[in-house]
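*Asks:* For the record, the sequence lines run as chains A and B. Sequential numbering of the first sequence, starting at 1, is according to my numbering. Sequential numbering of the second sequence, starting at 1, is according to my numbering.
It is possible that some hints are incorrect.
[What the hints assert, rightly or not] Pairs of lysine-lysine residues, derived as DSBU-like cross-links and limited to a Cα-Cα distance of at most 35 angstroms, are as follows:
id, chain 1, residue 1, chain 2, residue 2
1, A, K270, B, K72
2, B, K448, A, K89
3, A, K72, B, K448
4, B, K448, A, K448
5, B, K270, B, K179
6, B, K179, A, K72
7, A, K72, B, K270
8, B, K72, B, K89
9, A, K179, B, K89
10, B, K89, B, K369
11, A, K89, B, K270
12, A, K179, B, K72
13, A, K448, A, K435
14, A, K435, A, K89
15, B, K435, B, K448
Derived by calculation from the structure, the hints in this document are not laboratory data.
There are 2 protein chains.
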Amino acid sequence: MKIPTQLTLLKSSFTLKHKPFFSLSFGLLLLVFAFYSNAEEPMFEIPSDALETARELRDEGLKSSHAYSIVKGLTTEVGPRFAGTEQDKRAQEWGVELLTELGFANVRIEEFPLNLWTRGNPGDEVVEISSPFPQPLVALSLGGSAATPEGGIEAEVVFFSNFDALESFDASEDSLSGKIVYVNDRMIAAQTAEGYSPANRKRLNAWRLAEDRGAVGVLIRSVGTSNNRFPHAGVMRIPEDRSPKIPAMALSAPDADQLERINAMGETMKVKMQTYAGYRGEVTSGNVIGEIVGSEAPEEIVVIGGHLDTWDNSTGALDDASGIGITVAAAKQILDLPEAPRRTIRVILWGAEEVGLIGARAYAAAREKDGTLANHVIGSESDLGAAPVWRYRTNVAESALPAMAAVARELAPLGILHGNNESSGGPDIFPLKEKGMPVARLEQQGMKMFEFHHTPNDTLDKVVSSELAQNQAAWALWTYLMAELDVDFRGK
Amino acid sequence: MKIPTQLTLLKSSFTLKHKPFFSLSFGLLLLVFAFYSNAEEPMFEIPSDALETARELRDEGLKSSHAYSIVKGLTTEVGPRFAGTEQDKRAQEWGVELLTELGFANVRIEEFPLNLWTRGNPGDEVVEISSPFPQPLVALSLGGSAATPEGGIEAEVVFFSNFDALESFDASEDSLSGKIVYVNDRMIAAQTAEGYSPANRKRLNAWRLAEDRGAVGVLIRSVGTSNNRFPHAGVMRIPEDRSPKIPAMALSAPDADQLERINAMGETMKVKMQTYAGYRGEVTSGNVIGEIVGSEAPEEIVVIGGHLDTWDNSTGALDDASGIGITVAAAKQILDLPEAPRRTIRVILWGAEEVGLIGARAYAAAREKDGTLANHVIGSESDLGAAPVWRYRTNVAESALPAMAAVARELAPLGILHGNNESSGGPDIFPLKEKGMPVARLEQQGMKMFEFHHTPNDTLDKVVSSELAQNQAAWALWTYLMAELDVDFRGK
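All chains should be built: construct the whole structure from the sequences, respecting the hints.
*Replies:* And the structure:
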């Protein structure tokens with residue numbers, strides 16, 4: 001059963017037809033609510049020692065610049081770190097060194113195999129309008145895209161205003177024969193980042209719909225919210241039984257505008273594409289892991305972290321050096337306590353997130369195999385940049401909700417609202433959640449993230465240290481309480 | 001003699017020691033000023049017919065979207081148009097077509113020779129840190145730069161915090177032998193754009209100072225004010241008797257930050273550079289010219305315009321399609337009057353501005369040769385983007401100042417202040433000014449221009465149509481009055 005929230009009750013009071021009765025009704029409703037809420041859901045009390053420690057961690061986190069200095073280190077000393085490359089290896093070594101130097105226990109790399117995809121030499125990727133108005137365009141291949149035939153392709157562009165229009169277009173296998181498909185959906189910026197999924201459908205699936213209809217190439221407006229002239233990278237959705245045969249590339253927003261204008265003039269447009277993108281065969285990547293071993297129930301595990309890899313075109317300060325800085329710095333605060341909390345805290349610097357959650361899937365599969373999956377009591381990932389946390393959501397058993405409400409009351413002084421119980425937990429947490437692990441998320445403000453997401457422009461100067469500190473404070477408090485409180489988030 | 005301005009008088013009143021006398025002194029000073037000003041400088045009265053026409057042009061310009069549609073046309077239908085290339089040719093043809101279709105007289109291209117410089121294939125330009133933290137950097141060759149030897153160079157970086165430090169560094173010919181020089185000056189954003197010149201010294205001259213000291217390459221922080229990860233292109237200052245032998249490149253601001261951070265760590269840094277930049281030999285470019293022939297003194301010429309060429313990496317919406325849109329749309333308003341103004345208005349779409357005012361110099365030399373230089377009564381160029389005009393400055397004979405003050409009073413309703421008599425007139429006007437032509441300038445707000453200047457990010461979406469309309473209004477009024485008023489701006 002869902003507990004009616006105070007907001008729902010207030011809303012129903014506003015719909016009363018007899019205005020004069022409003023304040024009386026309102027007072028009565030508040031009374032009823034107070035009683036009802038008390039009766040149904042006993043307040044969970046965080047034990048006073050734990051509460052004191054949690055608040056100290058929070059207040060100390062707010063003053064810290066440790067998260068920022070970790071982000072600075074990773075983006076400066078490693079830079080870009082695309083999964084499966086030499087830079088990825090260097091990032092893993094950097095991670096091992098960081099966790100070891102900070103004093104975490106059981107520091108290790110858990111390796112996993114990966115079919116490496118690269119774009120080849122980025123400078124060799126060419127997209128240009130060949131008619132009616134010859135000019136180069138700024139674009140890059142999407143992850144998983146195929147190369148053009150040697151020498152490139154040149155074809156007429158078929159303009160689709162949005163993904164729905166492509167999806168509902170004549171599905172016969174030659175309806176777009178020999179054409180280059182262009183899809184123009186725009187992404188809406190939102191605090192919740194919820195504009196991403198709808199706009200991302202074209203990145204994930206346009207190649208398949210185009211290929212099925214005989215197209216020779218795909219172009220999309222980048223999935224992003226800035227008008228800066230950067231194309232946004234990103235992986236396509238590639239089923240196990242099929243690999244793209246045609247090139248698929250993302251144009252920067254101003255270049256997409258250019259195509260839109262030429263199309264609006266009623267002109268037939270031809271575009272040249274040349275890429276050398278493709279899969280290169282199996283290589284190794286890895287998740288970097290460190291722990292704070294629990295003092296009373298070391299076999300029970302709280303999973304936190306961010307992902308270590310980036311797109312090849314980016315030093316990934318926001319995506320996701322910040323997630324690593326926030327969670328490692330928060331965990332380090334807990335590591336420095338006189339006594340470790342009850343449960344083990346496992347910090348994971350996830351590998352190969354950008355290319356399809358490869359590290360996260362490998363980790364979940366390995367835990368299923370070694371039988372420790374059920375020991376994962378709760379997990380969360382920080383992976384939406386460096387902006388302040390504005391909302392806390394969970395996805396736990398109903399019996400654990402009073403405890404989560406108590407935690408939310410301690411997050412509130414950081415300006416964090418308490419949301420519903422439908423959290424995803426974060427991308428790398430998803431494979432564990434699918435296998436039954438409870439999750440929660442400290443949700444960051446999402447308005448600006450997609451201005452920088454998967455572009456070269458995701459650099460350290462976009463990160464505000466004081467905003468990272470607010471994140472660190474929230475994570476230190478939350479992680480400590482998850483490990484210290486004797487609450488079963490899975491329920492019976 | 002310089003007329004003391006009201007501001008100077010007010011300022012001296014504020015320095016009076018006896019506060020109680022302030023308001024009395026102030027009142028007296030105002031009286032004195034009013035008398036003095038009246039006595040010294042009789043008010044110039046714009047004839048009522050001309051005044052009415054000028055005001056109508058201004059009010060009509062404010063409502064126009066013609067300037068915007070010209071910018072849209074040039075940036076969409078031509079795109080980038082680097083001097084001496086095929087795209088430059090297409091831009092000239094576009095210009096001839098535009099001026100012809102609008103009904104200008106004597107539309108023509110005046111060709112001139114140009115030693116073509118190109119960077120080669122932009123994708124082949126590589127700059128990367130090779131140690132201590134290997135990673136690619138975002139950079140491009142500066143105009144006039146030499147290529148690296150085949151296979152590129154790798155050398156230790158010598159870090160100079162600013163241009164002065166390089167200038168005053170040991171001048172012996174091997175003091176930087178085998179090194180790559182890096183210069184880190186930052187540019188300050190300003191309404192007047194006056195941060196440009198000091199920051200630009202490193203772009204113009206660092207190559208020469210480095211080469212003289214035995215360096216094998218030069219890197220600079222881009223001359224620009226944005227933290228977006230774009231390098232800013234721009235030409236170096238190359239004397240007639242000498243050509244660069246070493247490569248010189250500009251890093252984007254975030255990449256410059258990266259070098260700065262590594263340097264601050266006390267690390268020795270090595271960088272690899274590879275470029276194919278260089279001069280390619282003589283080609284032809286051109287100035288595109290159209291006129292409104294004067295009704296009474298057709299031999300007298302008022303010169304207006306913007307420049308047609310861009311950097312190779314940019315569609316140049318701000319730099320300088322906007323200057324062309326503004327001045328052509330303003331001239332077209334005048335062209336549509338029932339009667340042409342007294343003097344000829346010559347609209348020039350200048351060629352090869354970016355690579356060193358080649359078109360402007362060729363034009364001035366040709367006018368000297370054909371004996372019409374002295375007929376150029378006044379000139380001005382619009383070339384600081386698309387932001388509103390905030391100040392009007394002149395550089396004319398003192399005897400013409402009362403007329404200019406009268407013009408300034410008509411510009412004031414557009415939010416335009418009246419500045420001093422030390423205007424430059426604009427880059428392409430400079431060679432004519434050097435030969436004695438009076439100039440003026442409708443100065444645009446410069447705070448944001450250098451966020452986009454000479455980068456791929458200078459695209460149509462950065463242009464606000466209503467702001468261009470304010471420019472067009474000012475230019476229509478100003479150009480009409482310059483051509484219609486019987487004022488000698490050169491003086492006796």
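*Asks:* Now look at each hint and say whether the structure bears it out.
*Replies:* For each hint, the structure was consulted:
| no. | hint | in the structure |
| --- | --- | --- |
| 1 | A:K270 <-> B:K72 | holds (20 angstroms) |
| 2 | B:K448 <-> A:K89 | violated (41 angstroms) |
| 3 | A:K72 <-> B:K448 | holds (28 angstroms) |
| 4 | B:K448 <-> A:K448 | holds (20 angstroms) |
| 5 | B:K270 <-> B:K179 | holds (9 angstroms) |
| 6 | B:K179 <-> A:K72 | holds (27 angstroms) |
| 7 | A:K72 <-> B:K270 | holds (20 angstroms) |
| 8 | B:K72 <-> B:K89 | holds (18 angstroms) |
| 9 | A:K179 <-> B:K89 | holds (30 angstroms) |
| 10 | B:K89 <-> B:K369 | holds (26 angstroms) |
| 11 | A:K89 <-> B:K270 | holds (21 angstroms) |
| 12 | A:K179 <-> B:K72 | holds (27 angstroms) |
| 13 | A:K448 <-> A:K435 | holds (32 angstroms) |
| 14 | A:K435 <-> A:K89 | holds (29 angstroms) |
| 15 | B:K435 <-> B:K448 | holds (32 angstroms) |
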